[in-house]
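Q: The lines below spell out each chain.
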Amino acid sequence: MTGKVQPMTARSPLRTRASVAAGRVTAWLSRKSGLGSGGMIGGRVTLKLDPQALRRLGRERTVLLVTGTNGKTTTSLMLARSVEALAEVAHNSEGANMPDGVLSALARRPSAPYAVLEVDETYVPWVAEQVDPAVLVLLNLSRDQLDRVGEVRSLERDLRAAIAKMENTHVVANCDDVLVTSAASAAANPVWVGTVRRWTDDSTSCPRCGGPIVQEGRQWRSDCGLVRPEPAWQLEGNEVRTPDGSSVALDLRLPGDANRSNAAMALAAANCVGVSPDTATGRLTSITDIGGRYRTVRRGEHAVRLMLAKNPAGWAETLHVLEKDAPVVVAVNAHEADGRDMSWLWDVRFEELRGRKVIAAGERCADLAVRLRYAEVDYTMQADPVAAIDAVRPGGVDLVANYTAFRDLLGRLPNDN
Amino acid sequence: MTTDSDRRTQFAAEPAKKSSMSTARIGLILPEVLGTYGDSGNAHVLCKRLQWRGHDAEVVPVLLGEPVPNSLDIYLLGGGEDGAQALATEHLRKRIGLGKAVENGAIVLAICAGLQVLGTRFRGSDGVDHEGLGLLDVVTEPGEPGTPRAVSELVAEGGAILGGEALTGFENHQGRTKLGEGSIPLGRVVSGTGNGDGTEGAVTGHVVGTYLHGPALARNPALADLLLTWLLGHELEPLDMPEVEQLRAERFAAAKRRRA
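As they're listed, the protein sequences go chains H and A. For the first sequence, our numbering assigns the number 1 to the initial residue and increments by one for each residue that follows. For the second sequence, our numbering assigns the number 1 to the initial residue and increments by one for each residue that follows.
These aren't lab readings, by the way, just hints derived from the structure by calculation. Remember, predicted model here, so these are calculated numbers, not experimental data. Check before you lean on any hint, since a few could be wrong.
Using 20 Å as the maximum straight-line C-alpha spacing, the simulated EDC-like pairs for lysine to aspartate or glutamate come out as follows [unchecked claim]: (1) 357(H) - 336(H); (2) 48(A) - 237(A); (3) 178(A) - 141(A); (4) 256(A) - 336(H); (5) 178(A) - 144(A); (6) 256(A) - 363(H); (7) 324(H) - 376(H); (8) 48(A) - 352(H); (9) 48(A) - 376(H); (10) 357(H) - 390(H); (11) 357(H) - 141(A); (12) 48(H) - 129(H); (13) 48(A) - 351(H); (14) 100(A) - 66(A); (15) 256(A) - 240(A); (16) 100(A) - 90(A); (17) 165(H) - 216(H); (18) 357(H) - 384(H); (19) 48(A) - 390(H); (20) 178(A) - 235(A).
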């Protein structure tokens with residue numbers, strides 16, 4: 001499965017080259033005008049001009065796709081770093097994971113023999129059909145942005161149908177996620193990875209028969225026969241057990257079980273294209289933040305640790321990596337990219353923040369305030385997250401924001417440690 | 001096998017306290033299938049609004065495969081997608097607890113798919129008709145081909161039982177619901193879709209259905225307290241919650257801007 005790659009100019013039809021060029025100009029304009037980072041709009045122009053562009057740009061490369069509700073950006077960065085041990089990798093590192101963002105990443109590195117692409121879960125069937133991936137990584141599926149993505153169970157069915165058609169793809173899947181297991185079971189030879197998961201509210205009834213899922217320790221099963229497969233790779237504490245029975249130690253700079261689980265998935269996926277677990281783990285230690293997440297920035301007398309959590313499953317993990325006793329600023333918006341519906345706040349166990357100093361921030365801080373009041377959390381409200389930081393006592397602050405709140409904040413805080 | 005208690009604690013907002021005769025028991029019905037998005041929040045809101053007024057209250061999750069007790073005070077049914085909705089209906093039709101409880105005066109709040117399940121009949125997007133529980137006099141169909149899914153903020157003018165208090169929430173559904181003579185609307189749509197004919201929700205006795213999904217009671221304290229007034233048998237002093245007033249004002253203003 002080695003990528004046989006020629007420079008793009010030698011094989012791309014004129015139309016694709018022209019469309020990519022037009023896309024690059026638009027991306028440059030987008031960055032210059034301050035309207036965006038360029039990743040999305042550039043791809044959008046290219047795709048409009050040449051609908052086959054993704055197929056052409058993805059052809060004859062070894063493409064690894066990463067999808068799931070949470071951890072796409074982190075896992076794809078881990079995987080890209082690992083695969084770079086082999087050769088140049090095209091990678092949508094900015095988290096632009098719609099078709100246009102995927103296309104931009106390929107167009108920026110036309111001669112890279114490998115591509116590691118995170119893909120929005122709803123676009124996986126379409127993107128996979130275009131690029132015929134060597135590897136598909138399925139991290140997890142949970143409720144997120146129901147107004148945009150739709151219900152997670154219908155998403156699982158779509159992925160299952162798409163996977164059934166992927167004959168040349170190694171499907172690397174998290175067997176602790178019932179929905180992921182159901183979808184990945186459609187593959188001929190899935191590579192199962194055992195992880196650690198806290199959010200299970202979307203794994204209580206079977207996606208196949210609707211009956212209850214019975215949990216016993218790590219194992220789970222449904223009456224219809226869907227059971228937790230035996231994983232070839234298993235995260236155990238800070239180590240990953242590999243298929244040959246040996247273990248490699250993770251030495252991550254990123255906190256929490258969610259990131260250790262992402263790393264286990266990345267190791268299994270990298271192994272599919274010939275990167276050994278030892279090589280891959282060595283390359284993961286250099287990752288200190290993910291597009292600003294987990295970065296600590298100084299603001300006045302505050303050391304602010306930045307975290308992203310945008311849905312209940314993400315929050316379930318984030319609540320466990322908060323600094324003990326540090327004040328917490330929570331910033332929530334409800335733009336299209338966040339989901340317009342704030343109901344998800346009621347699936348987060350904010351009760352666990354009792355006893356802390358909490359500031360409700362963001363454009364929808366009133367929604368959050370109501371949730372915190374019912375959780376009996378002592379909070380104050382300050383819509384501007386930067387003002388919220390300034391309002392707490394000097395020292396460490398944990399700041400957790402959802403997607404657009406995080407993006408807006410990054411632009412307003414110093415870009416150093 | 002500790003399964004059932006594990007599954008149960010997952011849905012109970014608070015560890016269940018030892019209940020006494022006077023403890024209000026709020027049933028969260030089939031949260032695994034009728035709990036798409038924040039639906040357990042309604043149980044939590046009712047529980048807290050009782051506790052803050054000095055009453056004992058607890059949330060009792062009723063899970064798939066279990067009998068549905070007829071002894072609970074309030075039954076909450078949340079939203080769910082088609083397959084789950086059919087499964088929930090089948091479960092509830094086989095176990096007569098909910099119908100018996102309603103005969104005895106129990107209070108029911110059913111959201112979105114829950115509203116459809118409580119009607120006399122609903123048709124899923126697969127075109128299959130399902131007999132509902134018949135606790136509300138409503139029939140739901142997906143609407144004519146090409147009917148868009150209703151996904152937006154919903155504002156409604158509350159009916160007389162809400163003292164005219166406006167309702168706010170988010171809706172996300174395909175079904176269009178027609179009321180028969182046995183139910184009255186909960187409100188009249190100001191913006192959004194609701195039932196699809198200008199009305200929103202349905203009420204028969206102490207059974208209430210609405211398309212305000214997720215934690216509707218968090219945004220609509222008048223609706224929460226209406227249910228609790230029925231439960232306690234007397235009027236309640238309002239709770240002072242400025243954040244709820246702020247949230248309502250923001251949502252009404254946002255809906256008004258969109259209409260303008």
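Q: All hints, please: hold or fail.
A: We went through each hint and held it up to the structure:
1. 357(H) - 336(H): Not satisfied, since the Cα-Cα distance of roughly 30 Å exceeds 20 Å.
2. 48(A) - 237(A): Holds, because 14 Å separates the two Cα atoms, which is no more than 20 Å.
3. 178(A) - 141(A): With Cα atoms ~9 Å apart, residue 178(A) and residue 141(A) stay inside 20 Å; holds.
4. 256(A) - 336(H): holds, 19 Å
5. 178(A) - 144(A): holds, 14 Å
6. 256(A) - 363(H): holds, 17 Å
7. 324(H) - 376(H): The given pair, whose Cα atoms are some 18 Å apart, holds under the 20 Å limit.
8. 48(A) - 352(H): holds, 16 Å
9. 48(A) - 376(H): Holds. Residue 48(A) to residue 376(H) sits at ~9 Å (cutoff 20 Å).
10. 357(H) - 390(H): holds, 13 Å
11. 357(H) - 141(A): violated, 48 Å
12. 48(H) - 129(H): holds, 18 Å
13. 48(A) - 351(H): holds, 13 Å
14. 100(A) - 66(A): Status holds; Cα separation ~16 Å.
15. 256(A) - 240(A): violated, 25 Å
16. 100(A) - 90(A): holds, 16 Å
17. 165(H) - 216(H): Outside the cut-off at roughly 33 Å; violated.
18. 357(H) - 384(H): This hinted pair holds, its Cα atoms lying about 17 Å apart.
19. 48(A) - 390(H): violated, 32 Å
20. 178(A) - 235(A): violated, 31 Å
Against the hints set out earlier in the document, violations occur for numbers 1, 11, 15, 17, 19 and 20.
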